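Visitor: Construct the entire structure; sequences and hints are all you get.
Quick mapping for you: the protein sequence lines, in order, are chains R and S. Here the first sequence is numbered in the working numbering, starting from 1 and rising by one per residue. Here the second sequence is numbered in the working numbering, starting from 1 and rising by one per residue.
Derived from the structure by calculation, the hints contain no laboratory data. Remember, it's a predicted structure, so these values are computed and weren't measured experimentally. Beta carbons are placed, not taken as given, at the ideal position from N, Cα and C, and that holds for glycine. Possibly wrong hints are sitting among the right ones.
Unchecked claim - Quick list of simulated restraints, FRET-style, between CB atoms:
1) R:I83 <-> S:R64: 12 to 22 Å
2) S:E68 <-> R:P12: 41 to 51 Å
3) R:Q42 <-> S:A53: 25 to 35 Å
4) R:S52 <-> S:V12: 37 to 47 Å
Claimed, not checked - Heads up, simulated PhoX-like pairs for lysine-lysine below, C-alpha to C-alpha not over 20 Å straight-line:
5) R:K49 <-> S:K103
6) R:K96 <-> R:K115
7) R:K58 <-> R:K69
8) S:K14 <-> S:K103
9) S:K78 <-> S:K11
10) S:K103 <-> R:K58
11) S:K103 <-> R:K96
12) S:K103 <-> S:K78
13) S:K57 <-> R:K96
14) R:K115 <-> R:K49
15) R:K69 <-> R:K49
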Amino acid sequence: AQSVTQLDSQVPVFEEAPVELRCNYSSSVSVYLFWYVQYPNQGLQLLLKYLSGSTLVKGINGFEAEFNKSQTSFHLRKPSVHISDTAEYFCAVSGKTGAAGNKLTFGGGTRVLVKP
Amino acid sequence: GAGVSQSPRYKVAKRGQDVALRCDPISGHVSLFWYQQALGQGPEFLTYFQNEAQLDKSGLPSDRFFAERPEGSVSTLKIQRTQQEDSAVYLCASSPRGTGNEKLFFGSGTQLSVL
Numbered sequence: 001a002q003s004v005t006q007l008d009s010q011v012p013v014f015e016e017a018p019v020e021l022r023c024n025y026s027s028s029v030s031v032y033l034f035w036y037v038q039y040p041n042q043g044l045q046l047l048l049k050y051l052s053g054s055t056l057v058k059g060i061n062g063f064e065a066e067f068n069k070s071q072t073s074f075h076l077r078k079p080s081v082h083i084s085d086t087a088e089y090f091c092a093v094s095g096k097t098g099a100a101g102n103k104l105t106f107g108g109g110t111r112v113l114v115k116p
Numbered sequence: 001g002a003g004v005s006q007s008p009r010y011k012v013a014k015r016g017q018d019v020a021l022r023c024d025p026i027s028g029h030v031s032l033f034w035y036q037q038a039l040g041q042g043p044e045f046l047t048y049f050q051n052e053a054q055l056d057k058s059g060l061p062s063d064r065f066f067a068e069r070p071e072g073s074v075s076t077l078k079i080q081r082t083q084q085e086d087s088a089v090y091l092c093a094s095s096p097r098g099t100g101n102e103k104l105f106f107g108s109g110t111q112l113s114v115l
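Guide: Quick look at the structure:
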């Protein structure tokens, strides 16, 4: 079984400031890790994913995340946010194979509000 | 269409009514998924199809929930005898390959309100 905890339900941040969204997971099997973003009235879009290799993953729109196996974390960062980054962000995990590989387990989401 | 399309966008049902929610995946996508997103929570897995085969329905909350994809493209999620706890946004996603840990393309969802 897998679970994902997003430690902050809401993060207010000023435009051009950095932001970090925290994500911790637990799993009995090896996992792939994802961050999805949901803009108002839109479907979820993939920001980035970690499958293997370098633990620093770069995604779209200037976001990056770092996989830390020892701390079972996958925190998302952006050095300078824009108003358009206002959205809800979801961390998710899946198994690598079998039934666990065919479903995503999502965290509860972090709502980012970028203020001018 | 260019993306995953879901209809209706909003559905209001009286408790006890049956509802059917439709998902049109991206053409040619092998895998199709249904997720349920309650207010203020992350999406939760309901079921997964690979072409027309329903390979995993472990997330369906009760036998009132039924999903099908008879020709391997359009899918319908049916909820019988709706109850208030069924109120949620139902998300459909598709992916080009046969696994769920690839990039998923999500629709905008159907918001179901059961009164």
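Visitor: Indicate, hint by hint, whether the structure satisfies it.
Guide: For each hint, the structure was consulted:
no.	hint	result
1	R:I83 <-> S:R64: 12 to 22 Å	violated (43 Å)
2	S:E68 <-> R:P12: 41 to 51 Å	holds (44 Å)
3	R:Q42 <-> S:A53: 25 to 35 Å	holds (30 Å)
4	R:S52 <-> S:V12: 37 to 47 Å	holds (45 Å)
5	R:K49 <-> S:K103	holds (8 Å)
6	R:K96 <-> R:K115	violated (38 Å)
7	R:K58 <-> R:K69	holds (17 Å)
8	S:K14 <-> S:K103	violated (36 Å)
9	S:K78 <-> S:K11	holds (13 Å)
10	S:K103 <-> R:K58	holds (15 Å)
11	S:K103 <-> R:K96	holds (13 Å)
12	S:K103 <-> S:K78	violated (26 Å)
13	S:K57 <-> R:K96	holds (19 Å)
14	R:K115 <-> R:K49	violated (27 Å)
15	R:K69 <-> R:K49	holds (15 Å)
Of the numbered hints listed earlier, those contradicted by the structure are 1, 6, 8, 12 and 14.
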